[in-house]
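2 protein chains.
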Amino acid sequence: MKINYKKELESAAKTMILVHDPTTLIKMIARTIVNKARVHHAGILLHDKEKDSYILTVSRGTAGLKIPSGFARMDSDNPLISFFKKRFDKQVLDDGVFIYGEAKKIANKRKIDPQVKKVLKGALYQMEIFEAVVCIPSYYRDELLGLLLLGKKKSGKKFAQDELDFFVALASDVAMAIQNALLFKELTSELDKKQRLFIHTTIALAAAIDAKDHYTHGHTARVTRISLDIAKEISLRNNHRFDDKFLEDLHVASLLHDIGKIGIPESILNKNDKLTPEEICKIKQHPTVGTTIIQPIRELDRAILGVKYHHERFDGGGYPEGLKGEEIPIIAVIISAADAFDAMTSDRPYRKALTTKQAIDEIKQGKGKQFHPEVAEALISLHHKNQL
Amino acid sequence: MKINYKKELESAAKTMILVHDPTTLIKMIARTIVNKARVHHAGILLHDKEKDSYILTVSRGTAGLKIPSGFARMDSDNPLISFFKKRFDKQVLDDGVFIYGEAKKIANKRKIDPQVKKVLKGALYQMEIFEAVVCIPSYYRDELLGLLLLGKKKSGKKFAQDELDFFVALASDVAMAIQNALLFKELTSELDKKQRLFIHTTIALAAAIDAKDHYTHGHTARVTRISLDIAKEISLRNNHRFDDKFLEDLHVASLLHDIGKIGIPESILNKNDKLTPEEICKIKQHPTVGTTIIQPIRELDRAILGVKYHHERFDGGGYPEGLKGEEIPIIAVIISAADAFDAMTSDRPYRKALTTKQAIDEIKQGKGKQFHPEVAEALISLHHKNQL
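As given, the protein sequences belong to chains Z and B, one line each in that order.
For what it's worth, our numbering labels the leading residue of the first sequence as 403, then goes sequentially.
For what it's worth, our numbering labels the leading residue of the second sequence as 403, then goes sequentially.
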């Protein structure tokens with residue numbers, strides 16, 4: 403059966419663009435070559451930038467490439483590598499394909515540059531070791547990205563021109579796809595790093611602010627964990643799945659929910675005696691103060707709602723605005739329940755901590771009053787599953 | 403002169419991968435087509451995901467595409483678009499190329515589906531409006547990314563098969579390249595957003611902590627600005643350019659340099675009287691406390707040095723470790739000078755602020771003693787340029 407290489411190339415290019423993991427991509431390419439071109443084996447040597455050497459990344463086929471130990475990594479001064487790196491291929495080969503038989507003929511001619519000849523002979527020797535008959539380079543700009551090595555065809559015939567054209571075009575697409583995959587990988591890892599940096603810095607600063615309030619040590623970390631657990635439980639129970647963006651916002655909002663406490667004097671926060679009405683009023687300002695602090699951060703628009711309204715009550719009896727029922731943003735509703743639960747299960751100067759069981763009873767009592775029913779149910783369910 | 407389309411394609415593909423800006427990329431492609439294929443005009447219609455319509459993004463050639471007003475944007479129900487969107491091209495065309503003359507013959511045959519025929523006739527009418535004779539679609543998975551429209555050849559001849567093959571292969575590469583460019587753009591913009599979010603949150607939290615210390619209101623913001631100015635001035639003067647990563651770290655370190663003050667009681671920070679030796683000792687702990695707070699954040703390893711050592715002195719008389727000269731990390735050296743300069747030019751309970759001129763005289767006096775000479779010079783130079 404004759405293969406339509408033009409179509410194969412198009413289909414390969416179209417598949418390659420979907421793959422953004424370099425390793426998967428390279429494996430896929432090697433498999434395609436072995437299957438379509440029906441060679442005994444194929445291998446791809448890929449540049450390792452950090453060590454400036456070339457590594458046999460994949461080897462496919464009935465026997466794989468025959469690689470003697472010590473040859474799985476080649477330095478830049480290996481003759482096969484330096485033949486292409488120094489662009490001797492431009493002087494010696496047509497079309498950029500290194501075909502063993504033809505290259506051997508050229509090496510035996512007298513009229514080529516002795517330096518080129520020496521490297522070429524070394525390269526031929528490498529090909530013999532690999533039992534490779536064709537070698538095709540992939541360049542990105544002027545940098546040698548890798549080499550494609552092919553064994554003999556299973557049919558025993560020589561490679562036809564359309565096959566060689568296919569390999570050259572494929573090598574060029576491969577370079578493009580690999581380069582893109584690497585870039586993609588780099589960018590997504592940068593993105594992950596930035597997200598971690600953001601979250602970790604927020605955690606550190608929130609914890610530092612938390613530490614000012616002697617009675618609520620570790621409170622922020624616990625509220626954050628419980629809030630995220632509640633959100634996941636709601637998603638699980640009601641198929642009302644919160645997306646990743648919501649969970650990210652909830653994470654940040656929980657971390658920052660008490661940030662406004664930085665505006666309350668330590669003397670009030672750490673007071674052992676009963677608070678005066680004036681002091682209580684001061685404490686009740688913390689959601690508003692917190693909102694003022696993070697208001698300028700446009701990217702936190704939804705997280706801000708969690709900070710602002712985490713002391714509202716389902717029955718409308720909360721502060722700062724006395725919002726009621728579904729008027730309260732869900733992000734605030736979740737933090738509010740987590741906040742109350744953690745407060746109940748922590749010691750205070752004027753009372754001992756409740757047990758988890760006792761706190762859950764309070765949540766049941768407060769369902770539809772202080773707490774949004776759905777969120778109360780989620781907390782109760784987490785308790786039943788022993789996940790609190 | 404005959405054109406080697408295989409070579410053209412390879413070179414186009416290789417250039418395309420270097421361009422990550424979608425707009426530049428598309429312009430480049432249209433220019434290549436007009437020049438290489440010698441057509442009167444060429445245009446590219448590109449999918450606008452948000453509005454689900456197709457927009458004439460570029461138009462190149464002697465006269466450009468002849469676009470009547472109102473046709474620069476086509477909705478998905480436009481017959482030319484829906485012909486390809488509904489994949490009628492698979493039923494009617496070979497090779498995926500829409501050639502006006504051939505499509506017209508097909509439209510006049512009786513045996514095709516009446517619905518397809520209707521859309522095809524509408525598409526032909528669109529082509530007439532555009533004076534286009536060839537139309538080639540670009541798909542990404544099953545989504546119609548765009549259409550390439552070509553006017554007549556300047557030679558007046560019909561397009562040859564190798565030209566059409568070139569366009570089809572080009573359209574496939576174009577889809578790949580545009581998709582990658584869009585992905586790249588999306589990722590880098592995400593990255594920018596995350597960086598802004600991180601910096602803005604750090605600014606907000608640092609400012610909130612700053613506000614606890616009544617005497618140093620706005621101090622953090624000023625030190626940050628002066629530190630970055632010093633770093634830029636050093637780069638400018640000594641060709642000893644700090645890279646972007648360093649400036650980013652310096653930015654964060656300046657924002658966080660006094661974060662440890664959160665561990666100092668407000669009663670000490672805001673005291674009007676002279677501080678006791680014990681209170682001074684407490685205040686001197688703030689670089690160490692700050693370091694403890696951000697220590698867990700691996701990504702901030704260099705920024706931490708700025709927080710930890712911003713009270714060291716060039717002559718070794720500083721704290722917490724009494725480091726000397728070049729032992730003090732450059733990031734800390736810069737913050738230290740900016741910090742001292744801002745302290746001098748701010749009012750304190752026990753003294754009025756110095757003028758900028760007076761503060762610069764102090765810096766001169768302290769050069770090589772409190773201050774690293776290079777950093778002192780940079781501050782003096784900023785003063786001469788009126789940039790303080």
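Worth flagging that the hints you see were computed from the coordinates, not collected in a lab.
Treat the numbers as computed from the prediction; the structure is a model and nothing was measured.
Any given hint might turn out to be false.
If chains are identical, the list can't say which one is meant, so a pair holds when it fits in one copy or spans any two.
What the hints assert, rightly or not - Straight-line Cα separation of at most 30 Å, DSSO-like style, residue types lysine-lysine; simulated pairs:
| id | residue 1 | residue 2 |
| --- | --- | --- |
| 1 | Lys754 | Lys560 |
| 2 | Lys519 | Lys673 |
| 3 | Lys492 | Lys453 |
| 4 | Lys519 | Lys787 |
| 5 | Lys787 | Lys555 |
| 6 | Lys647 | Lys451 |
| 7 | Lys676 | Lys556 |
| 8 | Lys676 | Lys429 |
| 9 | Lys507 | Lys673 |
| 10 | Lys634 | Lys438 |
| 11 | Lys647 | Lys453 |
| 12 | Lys492 | Lys634 |
Hint-by-hint comparison with the structure:
Within a single copy, Lys754 and Lys560 get their C-alpha atoms no closer than 86 Å, and across copies no closer than 91 Å, so neither meets the 30 Å cut-off. Taking the closest pair of Cα atoms, Lys519 and Lys673 never come within 30 Å of each other, the shortest separation being 88 Å inside a single copy and 84 Å across copies. For the identical chains of this complex, Lys492 and Lys453 are intra-copy neighbours only, at 26 Å inside a copy versus 49 Å across copies, given an alpha-carbon limit of 30 Å. In this assembly of identical chains, Lys519 and Lys787 lie within 30 Å of each other by CA distance neither inside one copy nor across copies; the values are 74 Å within and 62 Å between.
Taking identical chains as interchangeable, the C-alpha atoms of Lys787 and Lys555 are never at most 30 Å apart, the minima being 61 Å within one chain and 73 Å between chains. With identical chains, the CA atoms of Lys647 and Lys451 are at most 30 Å apart between copies only, with a shortest distance of 21 Å across copies and 35 Å within one. Taking the shortest Cα distances, Lys676 and Lys556 never come within 30 Å of each other, neither inside one copy (90 Å) nor across copies (92 Å). Within a single copy, Lys676 and Lys429 get their C-alpha atoms no closer than 70 Å, and across copies no closer than 72 Å, so neither meets the 30 Å cut-off.
Taking the shortest alpha-carbon separations for Lys507 and Lys673, neither the intra-copy value of 93 Å nor the inter-copy value of 91 Å comes in at or below 30 Å. When the C-alpha separation of Lys634 and Lys438 is checked against a cutoff of 30 Å, the pair qualifies neither within a copy, at 47 Å, nor between copies, at 57 Å. In this assembly of identical chains, Lys647 and Lys453 lie within 30 Å of each other by CA distance solely across copies; the values are 23 Å between and 38 Å within a copy. Within a single copy, Lys492 and Lys634 get their C-alpha atoms no closer than 60 Å, and across copies no closer than 45 Å, so neither meets the 30 Å cut-off.
Violation of the numbered hints given earlier is confined to hints 1, 2, 4, 5, 7, 8, 9, 10, 12; the remaining hints are satisfied by the structure.
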